[in-house]
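Q: Using the hints provided, position chains B and C relative to the given structure of chain A.
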Amino acid sequence: MSTVESPTEIDTLEPPASETNADSEGQGNEEIREFIERDYQYGFVSDLDQEILPKGLNEDVVRFISAKKDEPEWLLEWRLNAFRHFMTMTEPHWQNVSFPKIDYQDISYWAGPKKKGPAPKSLDEIDPKTREMFDKLGISLAEQERLSGVAVDAIVDSVSVATTFKTKLAEAGVVFCSFSEAVRTHPELVRQYLGTVVPPRDNFFAALNSAVFSDGSFVFVPEGVRCPMELSTYFRMNAAETGQFERTLIIAEKGATVSYLEGCTAPMRDENQLHAAVVELIALDDANIKYSTVQNWYPGDENGVGGIYNFVTKRGKCAGHRSKISWTQVETGSAITWKYPSVVLQGDDSVGEFYSVAVTTHYQQADTGTKMVHIGKNTSSTIVSKGISAGKAQQTYRGQVKMMRSATGSRNHTQCDSLLIGSDCGAHTFPYIEVKNDSSEVEHEASTSKISDDQLFYCRQRGMNEEDATSMIVNGFCRDVFDELPMEFAVEAQALMRVSLEGSVG
Amino acid sequence: MSLSPATIVESLDGHSSVSSRNGGNVSDSGRERYLEWLGANGLPTRHDEAWKYSPLKDLLARPLDRIASDDDGLAVDPSAIEAALGSINSVESEIRIVLVDGVYREDLSDDAEADGLTIGSVGTTAIDLTETSSDPSSAVRSRVDGFEMLNRGLGSAGVVVVAGDGRAVERPVHVVHLWSGSSDALLVQPHINIHVGVNAQLSVIESFVAAGSTFTNALTTVVIEADGMLRHYKLQSQATGSVHLSHVAVTQRRGSSLEAGAFMFGSSIGRNSIDVIAEGDRTSTDLFGLYLPRGSQHIDNVVTVEHAGHHGSSSQIYKGVIDDHARGSFSGHIIVDHGTVGTDAHQSNKSLLLDPVAQSDSRPWLEIFADDVSCTHGSAIGQLDPESMFYLRSRGIPLDDARAILVGGFINEVVDKVRSESIRHHVMRLVKDQVRSRFTAELGGEL
Amino acid sequence: MLRIEDLRATIDGREILQGLDLEINAGEVHAIMGPNGAGKSTLSSVLTGRDGYDISGKVTFEDEDLLEMAPEERAAKGIFLAFQYPVEIPGVGNMYFLRTAVNAVRRERGEPEVDAVTFLGSVKQHMAELDMDPGMLSRSVNDGFSGGEKKRNEVLQMAMLQPKLAILDETDSGLDIDALRLVAGGIQRLRSPERSMLIITHYPRLLEYVVPDYVHVLSQGRIIRTGDASLAYELEEEGYRGTEASLSGTGGGASK
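Sequence order for the protein chains is A, B and C.
This note's numbering puts the first sequence at residues 1 to 506.
This note's numbering puts the second sequence at residues 1 to 447.
This note's numbering puts the third sequence at residues 1 to 256.
Next up, chain A with everything else stripped away, as it sits in the complex (with noise of 0.2 angstroms):
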């Protein structure tokens, strides 16, 4: 187990005040070459005193988590149910990676800070290692620092620690908390929406959490608000030998408003930890929901060695007429990436939308991409898909959009594009297009290659070195999705894609 010295200047990704708008995309840019040295790092342990459950899984686990949790009994009977299921199911293997036989038993599904005495009432008595280990991370946990506009929620392995700006957001009606917080405070509201977007028998890897999630957030926003500022979860495994199961629930109700950010890492460890994520998103009439996430999960060392297997399920509905889903992904992390931000378009003139950068070095892989369901009429969807392979990585783009018989008069259109890196590595492009209506119109075009070689030896003739110039490439190849994020995280993703694609030039 190896410890990297993590840097402390993380704020200096900060994007400097912008002369003109003309040179926005060159902030950062020193500050990224100041990353090239360096390898993951957000590879620390922080050495919290932290209680874990035994390894193994059974209905005792799911009984202890819940009680742990002190949850009402509909909610664990809702657990075991998800259990019993998942017990009947067997893992899935159509996806176009590999990995070893994961034991399902070999994992503990419960870690968390331990309690000393009652809950932190204030942000002030938040344990000082789990402060520390936050700002190592550079999210700050106070609220009057630099991440002003942004609240955060903050989750080590299985447990929420932190949420901050919590009584701003109570003035505006937002409720934004750890889920295990709104099963206590607004049982009815989790209730209600719970496993409506992914029933807990919706696959192999949500079943699994729906039985033991352990944290994640919650965020209501009621009708007609528009969230304040935006909202920010960030997930941190610490813990070895565990899972992270988390939960997050999304609820923007008629005509609200709402951007929710999302960040991961892990440490660096030879072991393989798994993390299987269910996020559900709710948007009622005119209601409109941003997800944004930058996934930067431990992705294994160059030989292969370690890293997260990262097999989450997202999804959306567009329950509202006239709502709006939106998932934009940055991917960096994780050996194995295993994910669908999907958007069901249920009410009319709904509209969702998919931005995703991928990117696999070494020897990761990754199949992901997303789903877009139109049951409403005259719904649009959007995908624009960015892949970047390099070393000895494979990456699969697998996307499906399907026009119902009732999505009559629907719209999308799929840009999805691939840069390869070297000889060794793979891009694959998966898509599937079903359309059972004649009013509908789908267009896909896709392309894949490498590097072109004229655009680098314009560059270079311009005085850029190869690695310098194969960076502003790969940016612009992936502006349009950039473009999407919120400017927090666009410098962050820009340096990220840079670190990630170190070495794999030349």
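Restraint ranges, calculated between C-beta atoms of paired labels, are given here: (1) 85/A / 394/B: 57 to 65 angstroms; (2) 212/B / 143/C: 57 to 65 angstroms; (3) 143/C / 77/A: 54 to 62 angstroms.
Computed cross-link-like contacts, BS3-like style, restricted to lysine-lysine with a CA-CA straight-line distance of at most 27 angstroms: (4) 68/A / 55/A; (5) 450/A / 150/C; (6) 371/A / 57/B; (7) 168/A / 254/A; (8) 57/B / 402/A; (9) 101/A / 392/A; (10) 124/C / 77/C; (11) 402/A / 371/A; (12) 129/A / 168/A; (13) 55/A / 101/A; (14) 436/A / 57/B; (15) 417/B / 432/B; (16) 58/C / 77/C; (17) 52/B / 436/A; (18) 52/B / 402/A; (19) 254/A / 166/A; (20) 371/A / 52/B; (21) 371/A / 254/A; (22) 164/C / 58/C; (23) 166/A / 129/A; (24) 164/C / 124/C.
Source of the hints: derived by calculation from the structure; they are not laboratory data.
Every residue gets a Cβ at the ideal spot worked out from N, C-alpha and C, and that includes glycine.
A: Structure of chains B and C alone, referenced to chain A:
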């Protein structure tokens, strides 16, 4: 137990129950091998991606009277199929090969010795493929499925067409697949084995015109030797009620080129599949197809090109026009092997839906294991452009005619890909009939 | 400054440059003219280090072996190529590209990076001189630019990078007369006693504005004739064929 593809395979346990097929042929070591494979792996299931959009349940349970034997085809009196033969339009200066119930009928076929072509049943002394660099009919590739093995294991002996090295065969070969009608639900499994020699050139048209509720499970195996060229066209206009599965497996050697077009008009359930392995360097592969399902037709196209050599180029252009409550699908697949360089591969699928309950599925896949590639795919599903429709109608053209004209324009691109002029005319005549019968409108101009 | 001796370049088994000699001193403007396929663009590619050629002969730039250097090293040494077909780089802002290039070159030369305000001021001034819309700065590099915009963008980059040797590869092609005048003006402004230029062109029209000190005729991979600016017009009247014919038997190899 009633006979169906599924029950045939179930009964393969030791394949004793079907070993009476074709006299002693089953003991043939090749067939043994295929049947063993089939016994072990079975027919496709819904988990087979290549069969994802096919109505597998119907196919597997399709009731059959029996499996056609070579005797069926040979026993048919020419007068019995005269009408059918007469209904087939000839291609200009064609060399005709007639198969009845999947069996080569030398007596009804043209002699092609003078054209540098060798044609004959497998097993006849005239054909010795061991002299050529490989016997494509025996090669079992990585991508095979149960229906191909069913053909290889229990199909007819097959006919071999060999264009010798350096022979540029000018006259097109027209393979006409006829049915005896001796039994209504007959499983007919022809196997055409085409060998294009080094620097040889050949054009082959296969016309499928089965009547009744025949179940056709055809196989065409092709090897194109270095610098050889093959043009292959499949014209399928089987009767409604019939099933048509046809698979073309091609191996291309260095510098060879292939042009293959599939025109799927008939049958209730139709599946056109082609799998090309461009094994040599600098190959050129040009695949295209047209499918026009209507009524309750269900037509699938499964097109795979694997680039295993350097500097290969390939294109796939498939178009569908889907009417009524019919279904049409395209599953294209480009594979570029690890270690290859300079591949240029493109894929395009466009379809028009003409009815609110018509259905189109498209699955344009790229699977790329090398970086020195330029690959694209595009897919578009939509309807006739309302603006164009309005434009034509504002010029006084009635609705049906306007539709026919726009559909014709949409289709033309595919027909134009047929490079040989005489064959293009032949294809165009068929396509015109199809479009005309749909819109009851006379088509002028180009189409 | 630049000395080329017996330069030969082969691509795909075809020898394009067949023993080319040329010397360019500081402050001189040389034009190379010749028919299509004479090797004009190959010369610019070889001098700037594009991959794919088998090269022999000797090229020194300020007494250093140029052929050993990577493209970016040559750029840092002060060699600039205005591309005949400027490359489009989608998603990369023109301004960002320009600043990255300028700073990369400055860093290589041990000069401090230019601050944003100074840089922007300088860019805007040059753009005004080239009559370029400032909005082009926020567009992607050459992406969707018209032919004329691309060529002006090349000259803008040249002005910002302040090279010692500028190679202009058919910079005049595809320009209407107004654009040609603007581009030529941009080039002319950059003339200085320290800066040399190598103008590769098919027609003499650019040379009306940027009058060269020497004109060379390139044919079949070597310089077959050298003269002053008047040679360009002579060529226009007689055509290259005439020149080639009149020189057949002289053994070629003429250079200054």
